[in-house]
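4 protein chains.
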Amino acid sequence: MPFSFPRFGDVAHVGHLELLTPKLSESLAFFTSVIGLHESARKGDSVYLRAWGDYERCTLKLTGHTTSGLGHLGLRVRDDATLQALVSHLAERGITGTWTEDETHGPAYRVLTPDGHAVELYWETQRFVATPDVATAFKSQPQRYVPRGIAPRRLDHINILAHDVRGNREFFQHLLGLRLTEQIVFDNGQEMGAWLSATNKSYDVAITHDKTGASGRLHHFTYMMDSREDVLRAADVLRDADVQIETGPHKHNVGQTFFLYCFEPGGNRFEIGAGGYLIFDPDWKPVVWSEADRSKGQAWGLQTVSSFHTHGTPPVVQTK
Amino acid sequence: MPFSFPRFGDVAHVGHLELLTPKLSESLAFFTSVIGLHESARKGDSVYLRAWGDYERCTLKLTGHTTSGLGHLGLRVRDDATLQALVSHLAERGITGTWTEDETHGPAYRVLTPDGHAVELYWETQRFVATPDVATAFKSQPQRYVPRGIAPRRLDHINILAHDVRGNREFFQHLLGLRLTEQIVFDNGQEMGAWLSATNKSYDVAITHDKTGASGRLHHFTYMMDSREDVLRAADVLRDADVQIETGPHKHNVGQTFFLYCFEPGGNRFEIGAGGYLIFDPDWKPVVWSEADRSKGQAWGLQTVSSFHTHGTPPVVQTK
Amino acid sequence: MPFSFPRFGDVAHVGHLELLTPKLSESLAFFTSVIGLHESARKGDSVYLRAWGDYERCTLKLTGHTTSGLGHLGLRVRDDATLQALVSHLAERGITGTWTEDETHGPAYRVLTPDGHAVELYWETQRFVATPDVATAFKSQPQRYVPRGIAPRRLDHINILAHDVRGNREFFQHLLGLRLTEQIVFDNGQEMGAWLSATNKSYDVAITHDKTGASGRLHHFTYMMDSREDVLRAADVLRDADVQIETGPHKHNVGQTFFLYCFEPGGNRFEIGAGGYLIFDPDWKPVVWSEADRSKGQAWGLQTVSSFHTHGTPPVVQTK
Amino acid sequence: MPFSFPRFGDVAHVGHLELLTPKLSESLAFFTSVIGLHESARKGDSVYLRAWGDYERCTLKLTGHTTSGLGHLGLRVRDDATLQALVSHLAERGITGTWTEDETHGPAYRVLTPDGHAVELYWETQRFVATPDVATAFKSQPQRYVPRGIAPRRLDHINILAHDVRGNREFFQHLLGLRLTEQIVFDNGQEMGAWLSATNKSYDVAITHDKTGASGRLHHFTYMMDSREDVLRAADVLRDADVQIETGPHKHNVGQTFFLYCFEPGGNRFEIGAGGYLIFDPDWKPVVWSEADRSKGQAWGLQTVSSFHTHGTPPVVQTK
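The listed protein sequences derive, respectively, from chains A, B, C and D.
This note's numbering puts the first sequence at residues 7 to 326.
This note's numbering puts the second sequence at residues 7 to 326.
This note's numbering puts the third sequence at residues 7 to 326.
This note's numbering puts the fourth sequence at residues 7 to 326.
If we strip away everything but chain A, and leave its shape as in the complex, we get (with noise of 0.2 angstroms):
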């Protein structure tokens, strides 16, 4: 084979996540009418859930759990070559999976990254068909805007916590192809931060040190708004309906992302983002942030709040 395997490109993009809540119904109840997510499936405890532009049955899925955290995190590949290849190449390293399946999409390979996520990959999937009330004249779109709460387009990025930065990140970049675009590095030589993407966006997946001890947790998911004055109104919106703000809205040094952190009512943390800049260089430089870099704040200065380093989910719980 002349080429290298996987390439950048062969996992797709972010295809959905599942959410543990402790509090389903009143998650079901943010996400959907505070935050806009339109219900496609249910099943069992859990509740399927997309943004008018994402192209599948669900990005979201919503379960009802003892804990807040990740449930999983769904790859979509390239094709279904391309997931055979994937599942060979992961046995060649010593990585084996189990299959499953779910509502809305095809055979998954299960796998965990090194801290203890959950990893599918999958190729066969159900794309959204739009009812004739949310039908669109905008024969790109899958369904029309419909502006009920914050309504943002689609499923952006995971952000996920490690003891091991570095080890997951290698995992992410050299078992499943995604490029390295950004990562924090201390004085030490310790990896902090490292932020990866399966496509032209900056990032789909990030990876931030876990102080914790705790394996396995969650730091946020995020949706994206069209504009940065899309957030800024969705900051209104968050106030009106009693969702503190966790920071923001500010924009990141990484990525360049203008942000919105929230808590939903299961716990997890929950961002609203625009912006950020698209990366076409097949070559790209990993952009490295020193502990000096990091010392300055955001890209406008704003400090990061104390909780950003510390809230995860699960929670840790403290024992004696």
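Be aware that a few hints might be false.
If several chains are the same, the list does not tell them apart, and a pair holds so long as it fits within one copy or across any two.
Keeping only pairs whose Cα atoms sit at most 35 angstroms apart, straight-line, the calculated DSBU-like set for lysine-lysine is [said to hold, decoys possible]:
1. Lys302 x Lys145
2. Lys217 x Lys145
3. Lys302 x Lys29
4. Lys217 x Lys302
5. Lys291 x Lys302
6. Lys29 x Lys217
7. Lys49 x Lys29
8. Lys49 x Lys302
9. Lys291 x Lys217
Read the hints as simulated data drawn from the structure, not as lab findings.
Starting from the known structure of chain A, arrange chains B, C and D on it as the hints suggest.
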């Protein structure tokens, strides 16, 4: 080889285009003072320009010539191995080109589209390195944003004219691996337009029908603003610079891009755009526009201006 | 009295308008579901509506009627003493009216413009008091922003048609104290349009020429979005609600407002706007547009659509 | 006289302010190159500046001085008769001033606020007349938009510090006829802030409490962008020009303006703003903010930065 070749992503992106102009100094003044591009090199009758967000030293090579029109289109590929494989792949299909070099990039393999447009495939390139006057604190940017003229962020796409849209569409789709994202197909089955993408943008290369019998002509090329509000502001700047706006600002049905068209002093059509949508679906089904669809005008009802169907560069010389 | 009367500011603002519609239920559905106005009262054949940012209980009184058109225009004055002074002032100039009341405001003095439009001057009004479901943390707002339909912020202006623009302009300017801000004067000296303001906005009342010989007709009325981006989004919402956009989005030369026109189900023209400029100069010199100016179209070159010069409500019935 | 005097509207608007700077050349470079104001005159140690949308020749008079701070505040009144009436009105209340003139306007009557800020009332002014290089096709604008630096549209407001907020508020409200729109009143009844308006904008003059015992100090002054997106862009420009952003961009609770604060080289605080709301209600009830309200921070939860409560110009010299 388990996978077909080329695949989506093997051509990485539109790198640059060479624009011919019979009024080099006026065109240069337009692209630097009114549009706000930055000059990075000169050689012979050519000036090399780029936007503040372009990572390569050149995205627009402006060349003095007897006529207007397209000199060539530069496509940067995934890596060196891919470049060599593409050359072989083209040769197997009877297409041979010539190796050439230029001031701002390494060896390029020059071939012709069926309609006669020169296309150059290259891997080695020169990245822009910011001089202190345009250095930036935004580490993911090649330079700072400089508010001069319209100041677009980056080159976006090119739209060529072709007598045989289908044949030229197949050239980019099957020989170079671009993804067909949208097309116009008339009731008699004739393809009248094709939009293809090398990236997650909805298109990088557009091909529309040339009714005149001429070959190798350019319809327009496009630089991108960060927001639609920026395009509205650009319209004000153009008007006060006495640049005639051909049509827009308005929203395209194809690509959903927010557009504004004008003519540079050499006579070539130039577009300022923003917005549009990203495609993440690796199995995207092309959007097909019928004659009936097209008769409805643009996205919000604006009728397509007649010059849009006739003007290309170089102009067609009428002979008896 | 040391100062002339009335002075700029004595009429405080356009309070509301009564819109006649032969299709009350369809018009009501349009203004609540598609436009996103809020209902605050009903009485007889009338429904009282307001936008989320309007402080009075009514800015649009929708009244079922045999025809479309304007019921009346309500102008709120500075204070009660000013209202009484205006009544005297009008009487001195031979204009007498009648006192009337309505569901959402106190005594109003109803007079006719020279062209026959009913204008009501009033001081006492009913402020909207937010119910808990629309209560807001933004203490300067009457209620929260509710993202339903287009969701404009507030009523902005009205454009009436008149056979004699000059006479009607003088009515608002000299009898009511509005400021003339812009006007169209043709080469033969005839006034073809006049824009007048009671506020720092560039206009609150516009008068354009009615060629048909009809009297008392309405050209359009306008609600305002917070940003031009909001108008672009509104265009998408209208299209997917199957509402025909007459013209726009584009920028007016007059007022520099960013506009979009459509028709409500009763046949009245409705505008969604944003932007424009504020006038602070107490000695503002009206901008005068000539025939030559007008032939250039709108601000970025869009030709004014022909229906814009002919359609008014009620429609003119053709008789043999 | 049937009406009280002065009434809202008798002071027409904030015309200009004179800013003192110990670093004239650096301050001038900042306001022209980074902020993008235009120079229209020089005299002695003063340079007269204006934004592209300002109709008068001067909205910012920059004067070299031993300290930073406010030289004076210029308020343009409704007309000449009003100016004379205001002088009489002030005299009746025991406030006498002096007549002065300046390079860019006619006779001005200079009085002091209770806290000692110089305020000049004037009627005659010099309008900016565009030279050909900045001529515009937009007939309602004084000149074309020039994209240099941040390029705000116009001067918006000034915020002065005062030991006795109430007394100074009454000066602007009762002696000059401005409208009180918002205020901060602490639990003990002490007024800590007052926002007053001469226009439909929610404020033109703000007064906040000076804890230091100093008098006549300046908190900040503000130029306005057309959109909040413009403020976000301005933040990028400031950062790459090495100008420290004190706080923002964020949204004020008071006025709902979108703000960004920085310091000009002379040490004076400067704000770039956008948005906010207009007041049309002639009987507006001032919004009152309590201590509890203020403890919640700004509109989306950002805590007010501590320097905002202490920094004023000129700085207070500490003596033993």
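These are the hints, each one checked on the structure:
| no. | hint | in the structure |
| --- | --- | --- |
| 1 | Lys302 x Lys145 | between (45 angstroms within a copy, 13 angstroms between copies) |
| 2 | Lys217 x Lys145 | between (47 angstroms within a copy, 26 angstroms between copies) |
| 3 | Lys302 x Lys29 | between (37 angstroms within a copy, 27 angstroms between copies) |
| 4 | Lys217 x Lys302 | both (21 angstroms within a copy, 30 angstroms between copies) |
| 5 | Lys291 x Lys302 | within (22 angstroms within a copy, 42 angstroms between copies) |
| 6 | Lys29 x Lys217 | within (26 angstroms within a copy, 48 angstroms between copies) |
| 7 | Lys49 x Lys29 | within (16 angstroms within a copy, 44 angstroms between copies) |
| 8 | Lys49 x Lys302 | neither (46 angstroms within a copy, 41 angstroms between copies) |
| 9 | Lys291 x Lys217 | within (28 angstroms within a copy, 45 angstroms between copies) |
When held up to the earlier numbered hints, the structure conflicts with hint 8 and nothing else.
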